Structures are given as C-alpha cells and as structure tokens.
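**Student:** Each chain, letter by letter, is given below.
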Amino acid sequence: MTATHKEIIMSTENTIQHTIDKADLDGKQEYTITVYAENRIGLLNRIAIIFSKRKINIESLNTSPSEIDGIHRFNIVITESYEVVRKLARQIEKQIEVLKVYFNTNEEIIWQELALYKVSTDEIAEKVTVERLLRQYGASAVVIRKDYTVFAVTGHREETDALVKALEPYELIEFVRSARVAIIKDSAGFHEKLKEFEAFEPGEELVENEFLDKGEKIFTM
Amino acid sequence: METAQDTIPQPEAKAETSKTLFKGTGSQVLLNGLIEEGVTTIFGYPGGAIMPIYDALYDYAEKLQHILVRHEQGGIHAAQGFARASGKVGVCFATSGPGATNLVTGLADAQIDSTPLVCITGQVFAHLLGTDAFQETDVINITTPVTKWNYQVTDANEIQEVLAKAFYIAKSGRPGPVLIDITKNAQLQIEEFPEYVKCNHIRSYRPKPKVRVEYIEQAATLINSAKKPFVLFGQGVVLGNAEKEFKTFIEKSGIPAAWTILGESAIPTSHPLNVGMLGMHGNYGPNVLTNECDVLIAIGMRFDDRVTGRLDKYAKQAKIIHLDIDPAEIDKNVKADVGVWGDCKETLPLLTNLVTENKHEEWLAKFKDYNQQEIDQVITPELYPTSDEMTMGEVLRNINEICGGDAVIVTDVGQHQMVACRYAKFNNTRSNITSGGLGTMGFGLPAAIGAKYGAPDKTVIAIIGDGGFQMTPQELGTIMQFGAAVKILILNNRFLGMVRQWQQLFHDKRYSFVNITSPDFVALAKAYYIEADKVDERANLRKALETMINHEGSYLLEVMVGRENNVFPMVPQGMSVSEIRLK
Numbered sequence: 001m002t003a004t005h006k007e008i009i010m011s012t013e014n015t016i017q018h019t020i021d022k023a024d025l026d027g028k029q030e031y032t033i034t035v036y037a038e039n040r041i042g043l044l045n046r047i048a049i050i051f052s053k054r055k056i057n058i059e060s061l062n063t064s065p066s067e068i069d070g071i072h073r074f075n076i077v078i079t080e081s082y083e084v085v086r087k088l089a090r091q092i093e094k095q096i097e098v099l100k101v102y103f104n105t106n107e108e109i110i111w112q113e114l115a116l117y118k119v120s121t122d123e124i125a126e127k128v129t130v131e132r133l134l135r136q137y138g139a140s141a142v143v144i145r146k147d148y149t150v151f152a153v154t155g156h157r158e159e160t161d162a163l164v165k166a167l168e169p170y171e172l173i174e175f176v177r178s179a180r181v182a183i184i185k186d187s188a189g190f191h192e193k194l195k196e197f198e199a200f201e202p203g204e205e206l207v208e209n210e211f212l213d214k215g216e217k218i219f220t221m
Numbered sequence: 001m002e003t004a005q006d007t008i009p010q011p012e013a014k015a016e017t018s019k020t021l022f023k024g025t026g027s028q029v030l031l032n033g034l035i036e037e038g039v040t041t042i043f044g045y046p047g048g049a050i051m052p053i054y055d056a057l058y059d060y061a062e063k064l065q066h067i068l069v070r071h072e073q074g075g076i077h078a079a080q081g082f083a084r085a086s087g088k089v090g091v092c093f094a095t096s097g098p099g100a101t102n103l104v105t106g107l108a109d110a111q112i113d114s115t116p117l118v119c120i121t122g123q124v125f126a127h128l129l130g131t132d133a134f135q136e137t138d139v140i141n142i143t144t145p146v147t148k149w150n151y152q153v154t155d156a157n158e159i160q161e162v163l164a165k166a167f168y169i170a171k172s173g174r175p176g177p178v179l180i181d182i183t184k185n186a187q188l189q190i191e192e193f194p195e196y197v198k199c200n201h202i203r204s205y206r207p208k209p210k211v212r213v214e215y216i217e218q219a220a221t222l223i224n225s226a227k228k229p230f231v232l233f234g235q236g237v238v239l240g241n242a243e244k245e246f247k248t249f250i251e252k253s254g255i256p257a258a259w260t261i262l263g264e265s266a267i268p269t270s271h272p273l274n275v276g277m278l279g280m281h282g283n284y285g286p287n288v289l290t291n292e293c294d295v296l297i298a299i300g301m302r303f304d305d306r307v308t309g310r311l312d313k314y315a316k317q318a319k320i321i322h323l324d325i326d327p328a329e330i331d332k333n334v335k336a337d338v339g340v341w342g343d344c345k346e347t348l349p350l351l352t353n354l355v356t357e358n359k360h361e362e363w364l365a366k367f368k369d370y371n372q373q374e375i376d377q378v379i380t381p382e383l384y385p386t387s388d389e390m391t392m393g394e395v396l397r398n399i400n401e402i403c404g405g406d407a408v409i410v411t412d413v414g415q416h417q418m419v420a421c422r423y424a425k426f427n428n429t430r431s432n433i434t435s436g437g438l439g440t441m442g443f444g445l446p447a448a449i450g451a452k453y454g455a456p457d458k459t460v461i462a463i464i465g466d467g468g469f470q471m472t473p474q475e476l477g478t479i480m481q482f483g484a485a486v487k488i489l490i491l492n493n494r495f496l497g498m499v500r501q502w503q504q505l506f507h508d509k510r511y512s513f514v515n516i517t518s519p520d521f522v523a524l525a526k527a528y529y530i531e532a533d534k535v536d537e538r539a540n541l542r543k544a545l546e547t548m549i550n551h552e553g554s555y556l557l558e559v560m561v562g563r564e565n566n567v568f569p570m571v572p573q574g575m576s577v578s579e580i581r582l583k
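First to last, the sequence lines map onto chains W and L.
Under UniProt numbering, the first residue of the first sequence carries the number 1, and numbering increases by one thereafter.
Under UniProt numbering, the first residue of the second sequence carries the number 1, and numbering increases by one thereafter.
These aren't lab readings, by the way, just hints derived from the structure by calculation.
Keep in mind it's a predicted model, so treat the numbers as computed, not measured.
Please note that the accuracy of each hint is not assured.
BS3-like mimics (lysine-lysine), calculated; alpha carbons at most 27 angstroms apart, straight line [as the list claims (entries may be wrong)]: (1) L:LYS345 x L:LYS165; (2) L:LYS208 x W:LYS193; (3) L:LYS171 x W:LYS195; (4) L:LYS208 x W:LYS53.
Some chain L residues well away from chain W (every beta-carbon gap over 12 angstroms; in silico) [stated by the list, open to error]: (5) GLU136; (6) ASN150; (7) GLN152; (8) GLY405.
Note that beta-carbon positions come from the ideal geometry of N, C-alpha and C, so glycine has one too.
Please construct the entire structure, taking both the sequences and the accompanying hints into account.
**Tutor:** The structure is reproduced here in structure tokens:
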C-alpha cells in the first residue's frame with residue numbers, strides 16, 4: 001500500500017474525495033474485476049499469474065459460488081489504469097475455463113468487506129463506551145467473553161479501517177479483514193449468458209465486441 | 001499378469017464391436033485416443049513414472065511411430081517442428097520430474113509461437129502427490145504460464161475426455177501447447193472405457209467468434225479510401241490455412257505486404273506484392289514506409305517489439321486495422337482504429353468482397369526504390385561478397401539456386417537466423433520454421449528432425465550457428481538411430497555472432513564471453529555415423545552444398561564464414577522503425 005493510499009484511507013469521512021484522489025495516481029483507480037469461471041483446481045493460479053507476470057499487486061481477491069450452481073465467481077481488486085485493466089481482463093478471459101470477465105469502477109458496483117476485531121474485554125469495558133462504538137461504527141459484538149470481545153464491521157475499506165483507528169489505543173489483539181465482494185449494479189446475472197455459452201454457435205450477445213460497443217452497458221436491464 | 005494379458009484387446013478390436021466397452025488400462029485407452037485423433041508420430045523419452053504408457057506402446061508399434069529423442073527438450077522441439085511443417089498437432093511424451101521440467105523451454109516456445117502441441121507427462125502415483133516422492137515435480141504449476149491449458153489426471157476414467165479436450169484446445173482458435181500430466185496409478189488402472197468421442201465444444205471456451213460484418217465494412221471503407229495502404233502479415237495466415245484467401249485479398253486490393261518471420265512463407269517470396277521482412281533486421285522499405293503509410297492492415301500478427309521498434313514512434317500517422325483471432329492481441333501493443341476479431345480464413349474473403357480493385361503503383365514503386373538502395377548497399381555485398389571471407393548470405397543464395405525455393409528451412413537463433421529469413425526463397429507455405437517469439441537457441445536441430453517427419457517428401461535443411469548447435473547436439477543420436485534425412489548446415493563464425501554484433505555496436509566492442517570455441521563438428525557427426533564435410537573456401541562451397549542436398553540420408557556441412565560480419569539493416573533497440581540503419 002502506497003503512502004498516498006494510506007493517507008487517503010485515513011480520511012474516513014469523504015468517500016467521494018477518496019475516489020477522486022485515487023484516480024489521480026497516473027490515471028489509476030480502483031477496479032473490481034468479476035470473473036465467471038468453471039470450478040477447477042489450478043484456475044486460481046492461472047488467473048493470479050496474469051497479474052504477477054506484470055508485477056501488478058492484487059489488493060483483494062475473493063472466490064465464491066455465483067448465482068449459478070457449479071460456476072465460480074472471483075472478485076479481484078486492483079488499482080490500475082483503464083487500459084491496463086482492459087488488457088488484463090482480456091488475458092483472463094482467454095483462459096480456457098473462464099467464461100466471462102467484467103471490470104468496473106467503484107461507482108458501478110455495490111461492495112462490502114467484513115472485518116473482525118478482537119479486543120480485551122476489560123480494556124474495552126473500562127475505557128470505551130461499547131454502545132457508542134457499536135452505534136458509531138456500525139459494529140456488532142460477535143462474541144463477548146470475560147477475557148476478550150470480538151466485534152464485526154461490514155462495509156467499505158474506510159469504515160472498517162476507522163474502527164481499527166478507534167480501537168488502537170485499547171489494545172487491538174487481533175484484526176482481520178475479508179476480501180471485497182461486489183455486485184455489479186447493471187448486471188442481470190449470468191443465467192441468460194450461460195445458455196449462450198452452452199450453445200454450439202456463438203451468439204451476438206456472447207461475442208459482444210467492445211471495439212464497437214465501447215461505453216455501452218454490459219447488460220441492458 | 002497372465003490375467004492382464006488376457007484382457008488386453010487389440011486396438012482394432014474396438015472398431016469391430018463399436019458399442020461394446022473397451023476393457024484395458026488407462027495407458028491403452030490413452031494410446032487408442034491418440035490414434036483416434038490421427039496421431040502417427042510421437043517424440044518422447046521414457047522414465048519411471050511413464051513406464052506403463054511405454055509398456056502399452058510396445059504393442060502399438062505398427063500404428064504409432066515413436067521417435068526416441070536424446071533429451072526431452074529435443075523431443076518437444078521435434079514435436080514443434082512436426083506441427084509447424086505438417087499443420088497437425090505435435091505430440092511428445094516425457095516422464096515426471098526432470099523429464100517434465102525439460103519440456104518447459106519447448107512449451108514456452110510453442111506458447112509464444114502458437115504451435116499446437118499435446119504433451120503427455122507421467123507423474124508419481126496419486127497417493128504420493130505432495131510427498132516429494134522420487135522424481136515428483138509440480139509440473140502443472142510449473143507449466144501453467146507456458147501452456148494454453150494443462151490438466152492432471154489421477155483417475156483413468158478421465159483420460160478420454162481430457163485427451164479429447166487437449167486436442168481440441170491445442171488446435172482450435174489460436175493454437176498452443178497443452179500438457180496432460182497422468183499419475184502412474186491412472187496409467188495402470190484397468191477399467192471398461194466407452195467409445196472415444198472427439199471434443200468440439202467446451203462451454204467456457206470460444207475458439208473463434210462470430211464475425212461481425214460492421215467491422216469488416218469499417219475496415220473496407222478505410223482501405224478503399226487509402227492512398228498508401230500497407231499490409232503486415234504474420235503466422236495467423238498460416239495457422240488459419242488462409243494463404244489463398246490472403247493472396248486473393250492483396251491481389252485484388254493491390255496492397256504491398258510485408259511479413260513477420262513466422263508469416264514468411266505464407267506467400268511465395270517471388271510474389272510481386274511481397275515487399276519483404278518487417279522488424280529489427282527486416283527490409284529497408286517495409287520499415288521506413290511503416291511510418292509513411294496511411295492505412296496499416298495487420299493480419300494475424302501481434303506487433304512484437306522486434307517488429308515495431310519504439311512504439312510511440314510507430315505508424316502514428318496511419319489508421320490501424322488489426323485482424324486477429326485472439327481478442328487479447330487487439331489493442332495490446334498498438335491501438336487499432338478498427339479491430340476485426342475473427343479467423344482470417346473467414347474475415348479475409350469478406351473483406352476482399354468489399355475492397356475495390358486497385359494497383360497502388362506509385363506507392364509500390366516507393367518500396368522498389370528503397371529496395372534498390374538496400375540491394376546496392378546491403379544485399380549485393382552480402383550475397384556476392386568480394387572479400388575472401390564467406391558470408392552467410394552467399395551460402396543462402398547458393399541454397400536458393402540449388403533448391404529453387406522448395407526446401408523447408410529450419411533455423412536456430414541468431415545472426416544465421418536473420419540471414420536465413422532475409423535471403424531464403426520460399427515457394428510453399430509452412431517452409432520457414434524458426435523460433436520467433438522465444439528465440440530459443442538449440443531449437444534448430446531437433447525442430448528439423450520433427451519437420452522431416454512432418455514433411456517427409458521435402459528437403460529439410462537445418463541452418464544453425466556454431467553456438468546454437470552446441471546447445472542440442474545430442475539429437476544427432478536421434479538422427480543416427482531413426483534416420484531422419486535432415487541436412488544440417490552449420491554456419492560457423494567462431495563467435496556468438498548476434499551478441500557479438502550488439503557488443504560491437506552498442507558496448508564499445510567489449511566482446512564479453514562471445515568468443516565460443518567448437519569441437520570438430522565433422523568428427524562429431526561421423527561419431528554418430530552421419531556423413532559430414534567442412535568448407536572453408538568459396539571455391540568448394542557450391543559443390544559441398546550440392547553434395548549435402550543431394551545426399552540420400554542425413555548430412556552435416558560446416559561452413560566457415562567471416563568472423564565479424566554483421567546483419568544489416570538494423571533497427572537499434574529503442575529506436576523507431578524509420579531510423580533503420582543500413583550499416
């Protein structure tokens with residue numbers, strides 16, 4: 001994580017400002033790549049090396065089931081320029097077991113990350129108003145024991161980071177954050193697409209050609 | 001074992017009783033599958049983890065010719081040479097561990113040069129995977145970046161489907177190498193297998209798109225309005241079997257066409273619209289005029305840096321049309337104004353229909369002018385040298401005169417490769433076999449062996465430098481044992497010539513470790529019972545070449561050429577194509 005990146009994240013208030021500042025880094029900005037793929041051993045490696053070959057850091061990577069049984073969905077977050085991301089997406093889509101790749105800016109998706117925080121119950125009970133914490137940071141208490149308490153926060157990076165900041169003075173014993181999971185706002189899901197993939201002859205929709213369709217939405221709702 | 005003997009049916013038994021299941025081992029069903037895919041020749045090397053397959057192979061000698069190479073790298077390069085010469089899928093076998101890792105260079109070479117291969121490696125028993133067993137290597141992960149697809153089989157029931165997919169993936173779309181790693185237990189496993197079914201559809205894989213006519217129309221509009229159009233073609237024309245379609249297109253549109261080294265023999269050297277070679281050591285006109293043309297039509301080529309030179313000064317004045325089957329290539333290095341995504345076998349005829357007939361005589365004359373300058377300053381001195389030292393170019397001229405352009409020329413990598421590509425004449429497609437993208441020294445000899453099996457009726461000449469030959473000389477043993485009639489021509493300048501040339505031009509003549517010595521190549525060949533000769537005087541050159549080419553079997557000829565000759569023209573690294581130097 002670059003220094004600038006850190007600084008930006010520290011300003012927890014203004015998410016719009018956050019996006020603009022990040023776009024300033026050589027035209028780079030955060031992109032979330034969504035990959036629909038067969039569930040096959042080794043495919044994760046095949047996809048990961050497309051990034052490492054170009055010395056591009058993956059900021060977050062999540063694999064999960066998709067809306068279709070047997071098809072996996074990867075969410076990969078990187079900070080790069082549009083041109084680079086587009087080339088990466090094509091290289092990923094070229095892999096035999098990958099069905100389709102989309103990439104979106106933060107404005108085009110709904111996303112969440114989950115973070116867990118383990119703190120000493122004594123510390124937290126004495127020095128912090130737990131109720132205030134829960135309310136202000138949207139946290140929930142997952143476990144409360146005599147020796148420790150675990151909070152959970154679901155939200156954007158700056159929201160989960162804010163609670164880290166808040167808890168730091170009170171002995172944050174453990175902290176962990178999940179990868180980003182994202183839903184594409186304009187997506188109608190993959191059900192219809194899959195039918196085309198399963199057909200022998202490629203249809204127009206499937207071979208949608210971005211050279212002509214630049215700027216058009218991926219799906220028409 | 002006697003029960004096993006009883007249950008081994010002959011492969012042809014299957015055809016007679018097509019509906020009954022085939023009962024046998026995973027190894028047998030693999031070999032049956034190879035036969036179903038039309039495989040006739042396998043290049044390989046046995047070892048512990050692939051022994052069950054080799055045991056089965058013992059009974060298949062009539063249907064599957066196995067060439068025992070001397071090193072797995074030789075095996076895979078031979079499979080590449082076979083594929084490039086024949087247009088079929090090349091097949092090679094290797095054992096686990098070192099056998100498999102020795103394939104890596106060939107896989108990388110085949111991946112970057114889009115060569116269809118199916119490589120089968122043995123693997124330790126499935127229950128030993130991950131235990132650091134003897135000769136265990138994680139070949140799937142090692143080969144992932146250098147294969148189009150790979151798969152580890154741990155159960156014999158997977159073999160047929162995986163093999164069928166492997167062949168389909170290797171040869172469809174943009175071709176490439178596929179590796180199947182089969183654990184020993186799967187090779188030994190006895191099962192009842194269904195009929196072999198070829199694969200022609202994988203839901204997550206689209207080898208080629210449905211062609212969209214609007215792009216063809218846009219491209220045609222650009223071409224029809226162009227005053228100075230210029231075609232660049234690559235191996236895509238050959239891989240798409242679109243040589244005829246390509247020829248028709250340039251002939252109707254009258255557009256001069258220049259080639260990448262992998263596209264070279266797609267149209268005859270003598271074709272009036274063939275204006276020569278692109279790139280670092282390409283021809284003068286094509287390089288300079290890249291920066292003068294108004295519409296650049298790239299067909300089945302990928303704008304490699306050795307072709308483009310400095311990208312920000314590459315064809316900036318031109319509208320770019322890029323025809324490619326691989327969408328990841330369009331806009332990768334050079335931004336296309338019109339990207340025509342599709343198989344050029346389909347897109348070229350559509351484009352030909354829409355372009356108007358033209359001659360572009362003035363424009364073509366420009367290429368001729370530049371060519372004349374190159375002839376005067378570079379080509380004539382290279383082909384008809386006046387000094388006592390022989391040049392690589394004059395050797396090529398003699399080969400052209402003897403073979404008339406009908407030989408398959410396989411090269412290694414370096415100065416001789418550039419000279420061979422520049423000066424060899426070709427009448428037929430699939431005649432120029434070289435390691436283009438990866439630049440693999442040691443490719444030439446084994447690839448030529450494979451090419452001879454892929455094109456048995458052709459004269460196959462392997463042109464190799466003294467450095468590159470010393471990387472894979474062990475394959476002389478393969479020639480000795482199996483008799484591939486390969487003509488081996490070593491152009492010996494007693495230097496690692498291309499590196500020396502760069503050191504001379506860009507490193508103040510600091511000749512750092514390029515002064516390579518050689519064994520007595522003639523004696524080496526004779527040690528392998530291969531006829532051989534050496535020429536160090538021009539007076540003997542022609543006759544020695546004729547003897548080599550007319551010799552019935554394999555033959556090695558070493559020609560001593562000038563030590564410090566350079567390959568020109570040259571686009572120095574980091575310079576624009578229009579800054580090409582003639583000296």
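**Student:** Does each hint fit the structure? Answer for all of them.
**Tutor:** How the hints compare with the structure:
no.: 1; hint: L:LYS345 x L:LYS165; in the structure: 23 angstroms, holds
no.: 2; hint: L:LYS208 x W:LYS193; in the structure: 17 angstroms, holds
no.: 3; hint: L:LYS171 x W:LYS195; in the structure: 25 angstroms, holds
no.: 4; hint: L:LYS208 x W:LYS53; in the structure: 26 angstroms, holds
no.: 5; hint: GLU136; in the structure: 17 angstroms, holds
no.: 6; hint: ASN150; in the structure: 8 angstroms, violated
no.: 7; hint: GLN152; in the structure: 8 angstroms, violated
no.: 8; hint: GLY405; in the structure: 37 angstroms, holds
Figure legend: structure checked against the earlier numbered hints; hints not met, in rising order: 6 and 7.
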